[in-house]
Amino acid sequence: MKRKIDFFLSRSPEETQNFGREIVKGLAREKNVLLLLQGDLGVGKTCLVKGIASGLGISPDEVVSPTFSLINEYRSSQGKLFHMDFYRLDLWQEVVDLGIEEYFEKEGIIAVEWGDKFIDYYPRPFWVISFNWVGEREREITVTRWEKEKENS
Amino acid sequence: MSYVLGIETSCDDTSCSILKTPNQVLSNVVSTQVDFHRRFGGVVPEVASRKHLEFLPLVVDEALREAGVDLSALNLIAVTAGPGLMGSLLMGVSWAKTVALLHSLPLVGVNHLESHLFASSLENEDLRPPFLGLIISGGHTELVAVEEWGKYRILGRTRDDAVGEAFDKVAKFLGLGYPGGPVIEKVSRRGDKDRFYFAGGLEKDRELDFSFSGLKTAVIRTRKTLEQIDEQTIADLAASFQESVIRTLVKKTLWALELTGFSTVVVGGGVAANRALREAMHAEAQTRNLRVFFPSLPFCTDNAAMVALCGFFYFTRGWESSLEFEPNPRLALGELPV
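For the protein sequence lines, the chains are U and G, in the order given. FYI, in our numbering the residues of the first sequence are 73 to 225. FYI, in our numbering the residues of the second sequence are 564 to 901.
Please keep in mind that the hints were generated in silico from the structure rather than gathered at the bench. Among the clues, some could well be false.
[Unchecked claim] If we take Cβ atoms under 10 Å as the criterion, some of the chain G residues that face chain U in the derived model are:
{"hint": "1", "residue": "S612"}
{"hint": "2", "residue": "G647"}
{"hint": "3", "residue": "G701"}
{"hint": "4", "residue": "H703"}
{"hint": "5", "residue": "V733"}
{"hint": "6", "residue": "S776"}
{"hint": "7", "residue": "R784"}
{"hint": "8", "residue": "K814"}
{"hint": "9", "residue": "N891"}
{"hint": "10", "residue": "P892"}
{"hint": "11", "residue": "A895"}
{"hint": "12", "residue": "G897"}
Being a predicted model, the structure only gives us computed values, none of them experimental. We treat Cβ as the ideally placed atom computed from N, Cα and C, and that holds for glycine.
Use the sequences and the hints to build the structure in full.
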């Protein structure tokens, strides 16, 4: 089941970061949060995660691309952030083999760049945050809630 | 004189090297060089820790064979302990511990970033700190003041993408393939580096941190707004991108030299293999009377020879890792595994 829950037009990287902070506020009552970030290279996925970090009291400058490391972990008194990137992965089997699957049980915010590659495999409900180019600096950001439909409904 | 076996599995490649001390590399085998894939007869995923487990015995055998050295002749094992991917590091470290235990050999866990700073010493025995270190690879972009071996001060690092990552992503976007460094370098030779101007990121005000995300986006954006895309345009985009990266790396290196008062630069990591960068740095060095060291190409990318050398250095200082030490995916420069 998909439910569109938010829509935002960002006019700059700064506004994208602000939106990341708003997301943290909006999710304050959730213990486990899984966010899949979807969009082309250069559209602002890492930028949004910098905003999420900032919302948790972590310096945005600390947040660097996890493309090579695959997972970067950050923590503050306000919570934990697991920043992942599946850009280099082609198979869900690689996610399992690398031990990344275990992270989906952890408490905190998990933000996965290129996470939509394996959209059928996640063991729990998640949000998809989609980015679209509008102009040189403008981006359209859509947030959608995804939950598996109940078997007997 | 001793024989050191080095093991490196921090990222995607499995590497093993035999070093005859002080610095004679008898062999340096990397899984990508050899046609190991065919021996499996199946598809091996690009990113997988299990892959290291399958490659390790083959790569080690090949390294010993090339060196003409028997396992029983070894005096020390050095293995990358971090930073890197946890699963991948574990494979190398577990393997090294097992061999150390079986053959009663001393073991030293090595910091991967530090080993890149040692790579130039493989071919320059007299190279000693103090110097400015520049580590540039797919996962790292760091300017480091090296007062002495083991004593490091980070002067600048990336705030978003690593420089090698920018090469890979731009290359993929331009349809040039993988790995991005060599293909962009090749295509750039027939491109006009002055056709487009791309800002290098944090280029002003003597800022020593790096930012390559905006540069990547600028190239993508420019490519999207161009109406006519032919091979020449792609070459011009690649050359202009590479020019921006080199300008930024050289500029910040010079600022860091002024700040520290050092006159020697030691470059390491996969991006150090870029010929245009090597030429630009050497040209600056000549006009300013600086010494610049680049490892030869096999020692730029991840390799076990630099791990063996770094491990041996610590061993001669009396450092040894216990068989209980754990790999650490977030090991910082200057930290040793415990």
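Evaluated hints:
| no. | hint | verdict |
| --- | --- | --- |
| 1 | S612 | holds, 6 Å |
| 2 | G647 | holds, 8 Å |
| 3 | G701 | holds, 5 Å |
| 4 | H703 | holds, 8 Å |
| 5 | V733 | holds, 9 Å |
| 6 | S776 | holds, 6 Å |
| 7 | R784 | holds, 6 Å |
| 8 | K814 | violated, 20 Å |
| 9 | N891 | violated, 12 Å |
| 10 | P892 | holds, 7 Å |
| 11 | A895 | violated, 13 Å |
| 12 | G897 | violated, 18 Å |
In terms of the numbered hints stated before, the structure departs from hints 8, 9, 11 and 12, listed from lowest to highest.
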